[in-house]
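Those sequence lines, one after another, are chains Z and L. Heads up: the first sequence begins at 1 in our numbering, then just goes up one per residue. Heads up: the second sequence begins at 1001 in our numbering, then just goes up one per residue.
Hints listed in this document are in silico derivations from the structure and should not be mistaken for laboratory results. Remember, it's a predicted structure, so these values are computed and weren't measured experimentally. Built from N, CA and C at the ideal position, the CB exists for glycine as well. There may be inaccurate statements among the hints.
Claimed, not checked - Quick list of the computed label-pair ranges, beta carbon to beta carbon:
| # | chain 1 | residue 1 | chain 2 | residue 2 | range |
| --- | --- | --- | --- | --- | --- |
| 1 | L | Glu1276 | Z | Asp279 | 49 to 57 Å |
| 2 | L | Gly1291 | Z | Pro303 | 53 to 61 Å |
| 3 | L | Ala1297 | Z | Pro303 | 42 to 50 Å |
Said to hold, decoys possible - Facing chain Z, according to a computed beta carbon distance under 10 Å, are these residues of chain L, among others:
| # | residue |
| --- | --- |
| 4 | Glu1049 |
| 5 | Met1054 |
| 6 | Gly1060 |
| 7 | Gln1095 |
| 8 | Lys1098 |
| 9 | Met1102 |
| 10 | Thr1103 |
| 11 | Pro1295 |
| 12 | Leu1298 |
| 13 | Ala1303 |
Claimed, not checked - Residues from chain Z that keep clear of chain L, each with C-beta distances beyond 12 Å, as calculated:
| # | residue |
| --- | --- |
| 14 | Leu3 |
| 15 | Arg10 |
| 16 | Val21 |
| 17 | His87 |
| 18 | Ala106 |
| 19 | Ala163 |
| 20 | Gly182 |
| 21 | Asp238 |
| 22 | Arg240 |
| 23 | Pro262 |
| 24 | Ala274 |
| 25 | Pro292 |
| 26 | Glu297 |
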Amino acid sequence: MRLIREFEERCFEMALSGELVGGIHPYIGQEAVAVGVCSQLDVQDVITSTHRGHGHVLAKGADPKRMLAELYGTTEGLNRGRGGSMHAADVSLGIFGANGIVGAGAPIATGAAWAARRAGREQVAVSFFGDGALSQGVVLEAFNLAALWSLPVVFVCENNGYATSLPVGRGLAGDPVRRAAGFGMTAWSVDGMDVETVAEAAAAAVDGCRRGAGPYFLECKTYRFHGHHSFEQQVGIDYREGDEVARWQDRDPLTLQRDRLPADVVASVDAEIAALVEDAVAFARSSPAPDPGDALEYLYAGPIAARPGSVL
Amino acid sequence: MAPLAYITALHQALRDEMARDERVCVLGEDVRLGLTGITQGLAQAYGPERVVDMPLSEQGFTSLATGAAMAGQRPVVEFQIPSLLYLVFEQIANQAHKFSLMTGGQVSVPVTYLVPGSGSRSGMAGQHSDHPYSLFAHVGSRPWCRRRRRTPTGCWCPRCATPDPVAVFAPTMLMGTAEEVTGELGPVPLGSARVHREGTDVTVVAVGHLVPTALQVAAELAGEVSIEVVDPRTVYPVDWATLGESVAKTGRLVVMDDSNRMCGLGGEILATAAEEYALVAPPKRVSRPDGAVIPYALALDHALLPSAAQLTEAVRAVLK
Ligand SMILES: Cc1ncc(C[n+]2csc(CCOP(=O)(O)OP(=O)(O)O)c2C)c(N)n1
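Could you build all of it, start to finish, from the sequences and the hints given here?
In structure tokens form, the structure reads like this:
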């Protein structure tokens, strides 16, 4: 959690200063969800993530140096500078990519779980998405397929109360858990600000998936402390009333966990993370930009050569 | 060799590939029964785990195939009607197609989208008569528009073609046909056109089920004009070298393409020819009208499809 927080705070500054061109969708405030869930996964387990994906990708084990280099758009980045914030992926760690389309990862994770079963591998797939994604048809289609075939998928809905500016109560009919339960999945709602609560629920879900009792649905009630996107701060939009943010900040998942740990552990984690993030920033800043002549590299895995846009 | 039915060739290609590669599986609606004919008997041969009947959730199972492919499978997704591709455009154009580049080459998505019964079939009206391969060429998603059964496997099999997603459009008008097959049944190399008939005066580029029409017109006009008929076979990538050689010989070009005219494949071939080839006359294309919606009544349906009469007229026009 400390790594995600520190990493994101640095990214946020860099986005506001224009150093990171595309800006970011900050995950700050929601760290307990990514960490609680990913702490229960093995390396070969698969995750699909969202536009707000930094937390998931880091929690699944991505190298913060290469992750920041990716946000910088350099060749040392996880995706060699081709993906950036919204597509960060490390397939060797089962990270099938953050995804810029709301809900798009749910059927992809379901497919990974199905493939694992076909290949006889004991893998679990986790799909993270926001409350807004519950209104996407493709997510419900994924629920149906996963439940129909009892696939080892954990659907993790991070209910942070808003889909951009739309409060969940004005976007979602009914209740997320009951909606998921309607597909025949085991579904729980947990306090997404408490990493231990999330980890406990995730452990039960992952274990159930490994025993063939999947899929599971986990609603994590959480909150983002910043705006939807760094751009929002730059243009000064606000749609949250009064002291709502402050009330949630009182339940900061990092503080909650810090208070449970011995002071010396906290201090050493803080120091270690500060150094890690400094290193990442230095690494990203010094890693090379791709050659513009290579802009179409990786477009195809096979032997197709795309023609250029201008032929002289 | 006895005549081989087009549909049998599609079926046999799929069957062979399933036998060869355990990772190949078929996902689609009514595929166990084999409603479209292509997958008939495959569930009995390979089991329901590999020939999987899907609920009616095209977006869900199209991206399920993407995830499965990223995790090592080689799914073939069959769509019952071509317009379902509009429903899954996000999942193909914006997800499957983009993963290779977006991840910096970490993954590819070797899924085959099989579209049997593409294009107009009699009396199926507005929502069942489209033939949207140009749309997929536009986004770079490698559509094949198959015509000849001497080349069944190459169209969809990752081994022969490409590890990337591929859409195979099998035109309705060919589904019920059969033809003598000569030579080896083998894969079509990616982006390799076939010259069906040699000629010296006009190059006619015809796609899919329009190849027989072009050959018919070429035969009818044989005393008057010598037509070379070229079938690109894969509509993305296009075999520009073969097209260029043909036009270098004839200097004249007509494209016959069952796409809508605006931004269709025909337009692209004409544009490339204008940029790069030494044409001696303005080229022509025969296509559906801009943004066509195919009407129900048969006479109206046929009125909007590229026809032999239009091709004849276009050939005469480029000769002027
Ligand atoms: C299908 C789709 N619709 C709209 C958008 C634009 N968009 C990006 S994020 C977002 C809000 C998503 O809200 P939610 O799913 O609750 O996730 P959160 O941002 O709260 O993490 C929207 C509307 C998109 N990327 N994809």
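Going through the hints against the structure:
no.: 1; hint: Glu1276/L to Asp279/Z: 49 to 57 Å; verdict: holds, 51 Å
no.: 2; hint: Gly1291/L to Pro303/Z: 53 to 61 Å; verdict: violated, 34 Å
no.: 3; hint: Ala1297/L to Pro303/Z: 42 to 50 Å; verdict: holds, 45 Å
no.: 4; hint: Glu1049; verdict: holds, 7 Å
no.: 5; hint: Met1054; verdict: holds, 8 Å
no.: 6; hint: Gly1060; verdict: holds, 3 Å
no.: 7; hint: Gln1095; verdict: holds, 6 Å
no.: 8; hint: Lys1098; verdict: holds, 8 Å
no.: 9; hint: Met1102; verdict: holds, 4 Å
no.: 10; hint: Thr1103; verdict: holds, 5 Å
no.: 11; hint: Pro1295; verdict: violated, 30 Å
no.: 12; hint: Leu1298; verdict: violated, 35 Å
no.: 13; hint: Ala1303; verdict: violated, 35 Å
no.: 14; hint: Leu3; verdict: holds, 22 Å
no.: 15; hint: Arg10; verdict: holds, 22 Å
no.: 16; hint: Val21; verdict: holds, 16 Å
no.: 17; hint: His87; verdict: violated, 4 Å
no.: 18; hint: Ala106; verdict: violated, 8 Å
no.: 19; hint: Ala163; verdict: holds, 18 Å
no.: 20; hint: Gly182; verdict: holds, 15 Å
no.: 21; hint: Asp238; verdict: holds, 31 Å
no.: 22; hint: Arg240; verdict: holds, 30 Å
no.: 23; hint: Pro262; verdict: holds, 40 Å
no.: 24; hint: Ala274; verdict: holds, 29 Å
no.: 25; hint: Pro292; verdict: holds, 15 Å
no.: 26; hint: Glu297; verdict: violated, 7 Å
When held up to the earlier numbered hints, the structure conflicts with 2, 11, 12, 13, 17, 18, 26 and fits the remainder.
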